[in-house]
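S.K.: Single-letter residue listing:
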Amino acid sequence: MPETLAARLNEDVLVASILPYYVDRKERLDAYAMYLRTPSGRERPGRYWKIDLDKLDISGHELGTLEVKLPASLPPGVVCIQLAEAFERYGTTLPWFGLAHGKFAALTHAFVNGGALLYVPAGTIAEEPIQISYRAQNGAVFPYTLVIAEERSQVDIVESIRGSDGCFVAALCEVHAKEGARVRYASVQELPSDAQTFSSRIAAPQKDAAITWATADLGAHLCVSSIDVLCNATGIEAEIDALFFPHDDQHVDLTTTVDHRVGESRSTTLVKSAASGAGQARYLGNIRIQPSAHGTEANLKDDALLLSKDAHIDSVPALEIDANDVKAFHGATVGAIDEDQLFYMISRGLERCAAEKMIALGFFEPVIERFSSQGVRDRVRAALEAKVTA
Amino acid sequence: MSHSGLRITDLRVNVAENEILKGINLAVEPGRVHALMGPNGSGKSTLAFALTGHPRYAVVSGSATLDGQDLFAMSADKRAKAGLFLSFQYPAAIPGIKVSNFLLATRNAVKPGDLPPAKFRQLVMEKMDLLDMDISFLGRYLNDGFSGGEKKRLEMLQLAVLGPKYAVMDETDSGLDVDALKAVGESVNAMRADPSSNHTGFLIITHYPRILQYIKADRVHIMIDGRIVKEGGPELANEIERSGYDTIREETALHA
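Going line by line, the protein sequences match chains R and L.
Taking this note's numbering as reference, the numbering of the first sequence is continuous, increasing by one, and the terminal residue is 391.
Taking this note's numbering as reference, the numbering of the second sequence is continuous, increasing by one, and the terminal residue is 268.
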């Protein structure tokens with residue numbers, strides 16, 4: 002079937018006018034070229050990690066259908082619409098793909114086939130979380146989310162990513178938080194165990210703005226994520242809270258980057274990961290404090306818990322500090338469940354495996370508690386419990 | 013009834029191939045308070061861990077029974093279910109597990125379904141009140157960021173909530189100020205006075221006689237170098253207060 006052939010992920014599909022028109026052919030081809038030539042900068046295959054992210058063959062995937070669910074009712078002035086409609090309404094007036102960088106952001110840019118725009122007017126405080134749900138059906142989808150929070154606005158976003166068996170999701174999300182805006186973006190990824198996902202999340206807060214990324218990567222066989230905050234102004238509060246838990250032979254690679262280019266801003270990064278079975282993970286936590294970024298405060302803490310002999314987590318905090326007069330802390334731990342903790346609990350009557358489960362689930366709590374919605378917290382807890390029991 | 017009690021017979025225990033306990037005989041009677049005193053390194057904590065089944069403590073020979081049940085044939089959680097409780101000298105901090113959840117999980121483990129939720133809450137509140145603990149404790153993570161005194165109070169709260177048949181209190185008094193020590197004493201005495209309680213037998217391990225001013229011991233056992241070298245009534249604790257362990261050490265060396 003010619004249609005099927007044309008729908009395979011390669012240059013043909015980019016020139017075949019199958020993809021939505023709002024990103025033109027040339028822009029897509031440029032992005033695709035960027036994807037091909039940009040090194041992933043990710044974990045290399047070795048004793049533990051089995052997948053070469055620089056030599057991924059995506060041409061085996063066919064273009065799938067992206068289902069996008071957005072809230073039916075919104076606070077006055079807030080806009081949350083499908084991408085196609087957003088391009089029609091706002092054309093070139095919005096900073097589409099203005100923050101995208103990196104190999105997998107370029108991949109989404111090339112093939113983007115849906116997504117959402119969320120616009121929050123100045124001074125608007127959205128009390129209820131805005132729910133954005135993406136579902137990948139039968140193949141590869143490329144959701145793009147653009148969030149623009151105008152001055153002094155406040156918004157809480159909860160994104161959910163699900164899909165059908167064998168799906169492929171390359172998602173890109175950009176957040177522009179204007180002066181004094183406060184944006185919380187929580188994302189829960191629960192793709193099936195044979196899915197592959199690549200996600201790039203980038204925020205550029207302005208002066209006195211606050212951005213929180215809270216992510217739970219729970220599903221997929223391969224999950225490659227990056228979370229970036231570019232601190233280009235003073236008074237910014239940036240927070241990254243992330244958890245992931247590869248079990249069976251899941252592979253997770255997360256890179257977080259807080260780039261302090263201007264001083265007098267604060268950032269906190271908290272990452273909790275566990276691995277069981279033959280689960281593999283790499284976490285790279287970048288904190289950059291550039292020479293002029295005086296008065297920066299940056300914190301990074303990551304803890305990794307290994308629940309089996311074959312599980313492996315490579316945890317790399319990377320601090321580059323080129324300014325004086327800054328406060329930067331980092332702490333990293335990796336290890337198995339502590340025997341003294343275990344004995345304490347068992348000696349109170351809990352069976353060993355029940356105690357191990359409680360400790361493993363408790364381990365994630367400091368991150369779970371940073372998800373602002375009770376519903377999301379419960380969903381994350383349930384998913385982690387299923388993994389611990391698996 | 014001849015089986016009742018926590019009975020330890022000729023117990024020898026190694027830690028990392030070193031013999032620490034060299035034949036201990038000791039019986040804790042239900043409803044009684046036994047003090048186990050001795051200098052640092054005499055093996056008191058080893059006895060506590062061996063009884064509760066810590067994997068680093070290897071029982072070489074001897075036996076321990078709890079109301080006739082062979083403790084060493086049971087895993088550590090089964091010993092707790094049989095009614096044994098150890099109050100740790102250094103309780104582990106476990107982030108992410110809330111005190112309230114842990115109390116409920118452990119109570120359900122040792123006494124499944126014996127209290128409806130409302131009664132359970134009431135029990136916890138009463139015991140916290142007695143220990144002068146604020147309700148905010150329940151929402152905190154287990155021993156995480158707790159001061160020394162807070163940790164010991166939480167151990168006493170768990171002891172009171174679980175209501176074991178026998179409680180081993182390993183140096184609960186160490187590092188406690190007078191107020192905390194008083195609260196510990198009141199909690200134990202309340203358990204002893206409560207007719208609905210389990211008639212708990214206590215083995216109070218301590219270096220100093222100070223705690224025995226707050227909890228009256230029925231019997232005092234002195235341990236030196238992995239052996240019980242002297243036993244007596246509460247007056248024995250006063251003797252330690254006056255002249256320390258050296259006199260006893262010399263005495264027993266003469267007899268040896």
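There's no promise every hint is true.
Think about it this way: if two alpha-carbon atoms lie no more than 27 angstroms apart in a straight line, the pair counts; the simulated DSS-like pairs of lysine-lysine are [as the list claims (entries may be wrong)]:
no.	chain 1	residue 1	chain 2	residue 2
1	L	K110	L	K34
2	R	K328	R	K179
3	L	K242	L	K34
4	L	K93	L	K131
5	R	K358	L	K123
6	L	K90	R	K358
7	L	K194	L	K90
8	L	K131	L	K34
9	R	K358	L	K242
10	R	K179	R	K70
11	R	K51	R	K310
12	L	K110	R	K302
13	R	K51	R	K27
14	L	K93	R	K358
15	R	K302	R	K358
Below, a sample of chain L positions facing chain R; criterion: calculated Cβ distance under 8 angstroms [what the hints assert, rightly or not]:
no.	residue
16	F84
17	A88
18	D89
19	L98
20	T118
21	A121
22	V122
Stretch by stretch, here's where chain R covers chain L in the computed footprint (C-beta under 8 angstroms, at least three residues) [stated by the list, open to error]:
no.	stretch
23	65 to 71
24	102 to 112
If you are wondering where the hints come from, they were derived from the structure by calculation, not from laboratory data.
Even glycine gets a Cβ: it sits at the ideal position worked out from N, Cα and C.
S.K.: All hints, please: hold or fail.
M.R.: Structure-based check of all given hints:
no. : hint              : result
1   : L:K110 <-> L:K34  : 40 angstroms, violated
2   : R:K328 <-> R:K179 : 25 angstroms, holds
3   : L:K242 <-> L:K34  : 15 angstroms, holds
4   : L:K93 <-> L:K131  : 20 angstroms, holds
5   : R:K358 <-> L:K123 : 20 angstroms, holds
6   : L:K90 <-> R:K358  : 18 angstroms, holds
7   : L:K194 <-> L:K90  : 32 angstroms, violated
8   : L:K131 <-> L:K34  : 45 angstroms, violated
9   : R:K358 <-> L:K242 : 45 angstroms, violated
10  : R:K179 <-> R:K70  : 26 angstroms, holds
11  : R:K51 <-> R:K310  : 17 angstroms, holds
12  : L:K110 <-> R:K302 : 21 angstroms, holds
13  : R:K51 <-> R:K27   : 34 angstroms, violated
14  : L:K93 <-> R:K358  : 19 angstroms, holds
15  : R:K302 <-> R:K358 : 23 angstroms, holds
16  : F84               : 15 angstroms, violated
17  : A88               : 5 angstroms, holds
18  : D89               : 5 angstroms, holds
19  : L98               : 6 angstroms, holds
20  : T118              : 4 angstroms, holds
21  : A121              : 4 angstroms, holds
22  : V122              : 4 angstroms, holds
23  : 65 to 71          : holds (count 3)
24  : 102 to 112        : holds (count 7)
The structure fails to meet hints 1, 7, 8, 9, 13 and 16 from the earlier list, while all remaining hints are met.
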